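Protein chains in written order, with UniProt numbering: chain A, 1 to 283; chain B, 1 to 283; chain C, 1 to 283; chain D, 1 to 283; chain E, 1 to 283; chain F, 1 to 283.
Simulated from the structure, these hints should not be mistaken for laboratory data. None of these values were measured; they are calculated from a predicted model. Glycine residues also receive a C-beta, built at the ideal position from the N, C-alpha and C atoms. Honestly, I wouldn't trust all of these hints.
[Said to hold, decoys possible] Quick look at which bits of chain E chain A covers, simulated, 3 or more residues with Cβ under 8 Å: (1) 135-149; (2) 211-225.
[Stated by the list, open to error] Have a look at the derived ranges for each label pair, beta carbon to beta carbon: (3) F:A43 <-> A:G159: 47 to 57 Å; (4) E:E173 <-> F:N48: 29 to 39 Å; (5) E:L39 <-> A:N17: 53 to 63 Å; (6) A:G159 <-> B:I272: 21 to 31 Å; (7) C:Q53 <-> A:V246: 40 to 50 Å; (8) E:L5 <-> A:K229: 54 to 64 Å.
Listed below, chain by chain, are the residues.
Number of protein chains: 6
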Amino acid sequence: MGSALFGKLVLTGARGNLGNELRAPLSKMARELVTTDILEAPAELLPNETYVQADLGDYDAVEPLLEGAEMVIHFGAIVDERPFEDLHLPNYVGAYNIWQAAWRHGARRVVYASSIHAVGMAENARGIDTDEPHRPDTFYGLAKCFAEDMGRMYWEKRGLEAVCLRILSCTPEPQNVRALGSWLSYRDMVQLVTRAIETPTVGFTVAYGVSNNDRAPVSNHKVGFLGYKPQDNAEDWAEALFAKAVAPDPQDVAQTRVGGPFAAVPLGESGIEAIKRMTEGKK
Amino acid sequence: MGSALFGKLVLTGARGNLGNELRAPLSKMARELVTTDILEAPAELLPNETYVQADLGDYDAVEPLLEGAEMVIHFGAIVDERPFEDLHLPNYVGAYNIWQAAWRHGARRVVYASSIHAVGMAENARGIDTDEPHRPDTFYGLAKCFAEDMGRMYWEKRGLEAVCLRILSCTPEPQNVRALGSWLSYRDMVQLVTRAIETPTVGFTVAYGVSNNDRAPVSNHKVGFLGYKPQDNAEDWAEALFAKAVAPDPQDVAQTRVGGPFAAVPLGESGIEAIKRMTEGKK
Amino acid sequence: MGSALFGKLVLTGARGNLGNELRAPLSKMARELVTTDILEAPAELLPNETYVQADLGDYDAVEPLLEGAEMVIHFGAIVDERPFEDLHLPNYVGAYNIWQAAWRHGARRVVYASSIHAVGMAENARGIDTDEPHRPDTFYGLAKCFAEDMGRMYWEKRGLEAVCLRILSCTPEPQNVRALGSWLSYRDMVQLVTRAIETPTVGFTVAYGVSNNDRAPVSNHKVGFLGYKPQDNAEDWAEALFAKAVAPDPQDVAQTRVGGPFAAVPLGESGIEAIKRMTEGKK
Amino acid sequence: MGSALFGKLVLTGARGNLGNELRAPLSKMARELVTTDILEAPAELLPNETYVQADLGDYDAVEPLLEGAEMVIHFGAIVDERPFEDLHLPNYVGAYNIWQAAWRHGARRVVYASSIHAVGMAENARGIDTDEPHRPDTFYGLAKCFAEDMGRMYWEKRGLEAVCLRILSCTPEPQNVRALGSWLSYRDMVQLVTRAIETPTVGFTVAYGVSNNDRAPVSNHKVGFLGYKPQDNAEDWAEALFAKAVAPDPQDVAQTRVGGPFAAVPLGESGIEAIKRMTEGKK
Amino acid sequence: MGSALFGKLVLTGARGNLGNELRAPLSKMARELVTTDILEAPAELLPNETYVQADLGDYDAVEPLLEGAEMVIHFGAIVDERPFEDLHLPNYVGAYNIWQAAWRHGARRVVYASSIHAVGMAENARGIDTDEPHRPDTFYGLAKCFAEDMGRMYWEKRGLEAVCLRILSCTPEPQNVRALGSWLSYRDMVQLVTRAIETPTVGFTVAYGVSNNDRAPVSNHKVGFLGYKPQDNAEDWAEALFAKAVAPDPQDVAQTRVGGPFAAVPLGESGIEAIKRMTEGKK
Amino acid sequence: MGSALFGKLVLTGARGNLGNELRAPLSKMARELVTTDILEAPAELLPNETYVQADLGDYDAVEPLLEGAEMVIHFGAIVDERPFEDLHLPNYVGAYNIWQAAWRHGARRVVYASSIHAVGMAENARGIDTDEPHRPDTFYGLAKCFAEDMGRMYWEKRGLEAVCLRILSCTPEPQNVRALGSWLSYRDMVQLVTRAIETPTVGFTVAYGVSNNDRAPVSNHKVGFLGYKPQDNAEDWAEALFAKAVAPDPQDVAQTRVGGPFAAVPLGESGIEAIKRMTEGKK
């Protein structure tokens, strides 16, 4: 990896699992790193890191953070399916607040944690490219559709670049048979975000966040210019995970759609819980 | 036209220009027509019409209207570009409220006044089909993208049908040279809504609301099953409109994109005013 | 219509409804018309018509009919869904027998009564072109897929031309609401077959057999060179048919797929009976 | 038709069959019409017409004609297949000279007589759209490919608009069975050029020059915004033309490719002569 | 590889070259393996293997084998081009018998040895994906088209899953220059079948059976979810095979189409013999 | 690599950087190698090499070189943007001269150094395949479009094969951040030319000349049959090149289009100079 040094970067959702993984690498890419979340500050900060506790749904709280920023890495959101009313402020309005504040302050790019759930109802077996049209599986995924369309508009109307990373299953290890295809290791996630930052121009770009899995159901071959080359492969866990799997119903939406259990749960009900049930094999 | 008689239909935005045109034909298609808008009731109601003044952004006000409805014809919204904050409740949350209430009450279909502005940044000269991906030109258009994606999701997850009508320029007469392509007569608009209601099954369908204009820049040939056969043609106004037109800059976004002046105005500024300026030739 | 006079034409299935309609127009296009079916000869023959009773499943019976023929119009088959075992000889082997005999005798073209059921599982609402891939809905439709693929092969390997006419609902009048889209009038069917015969070169071509219906769910716009311009429109029956229709379940396969009731019946069970039930509104 | 009045228009190839038909309508659309050809001036000029005899292959002769022009209608070329060496100056360099001179003088648009022979090797039976990739059938057609690609480049790099009209068979009457599909009447040709001029913005656009023939093998449905609605139909000649036609070999390139006889002649040999042979039925 | 243990698997064509290679790995994946072929039993059986001699064309002989099976791996067929009459029972009716019996007994999946010859007339140089439409090169290939279409129908109508493996050239070593692209090693064939079995849900899926050859003319990138990662590469034989190759005619169908010599032989004549002639360089 | 030995090969542009790299490997592939350029002979010739000084724009000088040749590797041209008048003879007419002479002498194939600039205006971020339509960025690129279209025509009309190699940035080392995607090492260039020669049949094929770079913006996955497997990766230079890069304007055409600086320079002005300016960071 060979990125230039950036001035100020802003990271939202810094107390989430993925955000926390990004703090160290981002702090090395920039002279100044501002991190934020709705939670309290982490116990220890990195040398060039400033933490600001803020609610993404509150524009006035968010706007000042972007002052002077080159890019914002927007990972802050509720990361599960909930009723629309619960996601409305953090996931929808929050995304608007970030793009609007970034534009107000002349930032050049938003790197956005979108999600596979923006296209979660697409059939696994069809071969999904980065120009797959929106087929959200949840209100959670619908918020990603909203932000992606907004990102395209800010690029076409206001010249603010965006890279939307449709992350699949980002966990320390693959959790279940579905994750043999959908896993994204932390190391690969960091590489993907790094590439999204350092690529000189991106316009509006969508890429999938998935490791170099043998069974990956989505393809980044149309965004080769980003140079994302994942290094990890969920296949190392295949034997162990197959051993505890149950043969699914061929019609099981949780297996046949790229959104997995999110595609199967009723709207508004937790997809994370459904993944846990799948992982425990009690599905 | 030969539609069956429906039970209860609900029309939102009934005091708007288009909504008002729909009241009479809808009242003939159903035993009961409930109309609603944020304004006061019209001076006179049709025999089977009930009017309820309500704010679309208020779920509790909207929900009871849908009780027992077969379909809702959702035309209520602010019909112009505005800052996101202004459109947020009526156009975004309002659309959610309608779909959610329709589902709660077991309605079978939403007929939605979407807009060309959901794909307004698409180039006129490319040939736009109904599966054109979202390219909103305004926050107004972005709300249509949001509602279309939500409509697809409610169909795929909850079995609630939707027809999203991407209306171009629905006015009594074509206003300017651009409208030679984009005009939708009131008569054709009524036909399109009628077809969207009477077609037995629609799943999730997108169609363009445009008359049978010689210069129409969009095509409905992939949704032939709807049977929409517009009868009016803006070409009758061609000579008069060309006579007062000014030769545009070849790069003029207001001419080269299907969104017209909405594609050219800064985000948050009135597109209607921009259309007026184009129409007056002072662009 | 302005076709040249042909030498010898052969028509199979001449005692079927459609075949019977074709006898007179074909006899005018050729010096000699040989008609055949598994039934006995019709009461009266046309001046240049020779009738031969023959079983399509019997190659030795079929082969001599093709001697010296320029083209064969192959309409003979069981025209309903049945168990594979019942369709096997007449619909599968019968088609092979015709193509093979045509080739043996140096005929230049097969005009084949294929069927919408070769793609019957395709969704009505998607916009179906003539290059839609095979998605048969019945063993009946699968036989059409088999014959179409064979027709392409005989063209590519042996230079025998073929036009495969995917006929939708060919009846004297449209029978039900679905037929508002799928109807093919006898007059338009005759035009389509005439065009398929008189077009100078066709290679391997697929076209839909559907009238000029407002609600046609399939499009021939990629085979414009055939010059098929249907004149009838099922819309004249719309009011009457809607009046006796029942609102279908939005998930009803018989309405959402282009194959209609054939798409809904269990494999091997009569689709014609299912259409009758739909027509009677008792579905 | 309702076009605005233009300032100065330039027409090349004004002494050719098509160019001559354009003189009168163009003179009505502009205050000043400059016509040019390699031949001597026509016997009579129109009131606002200036004729300049010039060789398109000579930049210095061409350049002054474009001074102050709004648009150039470029129809000048050798209109037949010839060895590359013969076409090189008039058809290749001549096209460059026109685009370059138009740009030098700040003209806004080139309306170019391209040709079906830019895609002449495409199969008739496939359904050809305006984005069909180049498949020239002759050096004549290759010159059209060159000019189209140049036209796109002048648009993308220099902002000079272009409409490339891929004309099929423009004659007073259809000449042979192939022309039942490919005919372009003079009246429709004039309409097409008029639309190409009066459409407010065109960027880089390709359209087919074909009448409203029942058997048209190409489609303009992706350039609906131009508003070209041909009025003539070669079908009126069908009976007469079929009467004298000979059944072609199914492999006959002159029938199976949209380029017709040009697709069949050896490179460098006259396609016009081949069309005559086809028309005379001696093919 | 990490597959779960299956109950009962059935393998047809067990005495063929490929079938024989599959016996051992399949026996390890299941508690019970039933193998069958038209030939006598192999000299030695594996511990959990039961062999039944049966004719695929005889439904009554085939049906009992499927009782209680989870999946059937259907490799039984005549593996060469022959007249239709010869292939009819084993390759066409045989495939029907397997699918029908599998459905009757509630099996969940058919893994089918389809063949490149289902699309054998496709041009090598075009880039062939798994959704390439059928273009059979032989009656042998046409039987594969029939079975694939049937497989899609059984999935869509009856919920029986299928993976159709379009095998290219499965031999111990690559035989000739064409096989530098088309070779499938036994080891990779076993992996592909294993993946087709162990993938939790497949719906209806088509994949190519080709090794990791530098020169592979087909791509599996749309079925990445299967996780097929071939390990062998025919390139190791390149020097030796080029050394004895003869420069082919550029028009040689045996080289330009993915079907190779099968694409070149007359229908009904042995393709295997043609491959031998190519391999011996006497083409 | 395992190519057969060829008879006579001809290499044009042999004194250019790329041509010079090809001399040694080509001399090993053939019994006789004829090299040519407009410059004087190189100081030393290889054992089977004959050098002829010739001007590509002069047909009579070029034609004799092709006598008895199996293939011509056509790399001769001015390799930079210039006014059309300067490129006209060497790049346009020169290409014609090579194809025409090759055909005259019965050569079987032209391997042509085309260029990314044939599609240089295509957006980096879209994923460019080998069937990307022409979008030249310069007169230099337009000459490549002309030659590619001519090559397709010579194949379709005269059976002369062609492989057009759209080379990106072929230099000893990657020069700048853009080259992290576009670099083609000399070693990979030689492999690509070798594959283009040794592949048994190619018809008309387009392939990209790019190394195995992490950030390659174009894909050869549709021409897998060529077996081009590049070995070098510009990523080794990433850190060094990023260190001296300047953050570009998001709208910078030199970064957002695959043509790079050529896409940004005014037509007719040197692209090589623009690349130097980019490389020096003074852009």
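Hint by hint, here is what the structure shows:
By the rule of at least three residues with a Cβ nearer than 8 Å to a Cβ of chain A, the coverage given for the region 135-149 of chain E is violated, with 0 such residues. With 5 residues having a Cβ less than 8 Å from any Cβ of chain A, the region 211-225 of chain E passes the three-residue criterion, so the hint holds. Distance hint check for F:A43 and A:G159: the Cβ-Cβ separation is about 54 Å, which falls inside the suggested range of 47 to 57 Å. A hinted range of 29 to 39 Å for the beta carbons of E:E173 and F:N48 is consistent with their spacing of about 33 Å.
For E:L39 and A:N17, the hinted distance range of 53 to 63 Å is satisfied, since their beta carbons lie about 58 Å from each other. Roughly 25 Å separates the CB atoms of A:G159 and B:I272, a value that falls within the hinted 21 to 31 Å. In this structure the hint that C:Q53 and A:V246 lie 40 to 50 Å apart at CB is violated, the actual value being about 59 Å. Take E:L5 and A:K229: their Cβ atoms lie about 36 Å apart, and the range 54 to 64 Å is violated.
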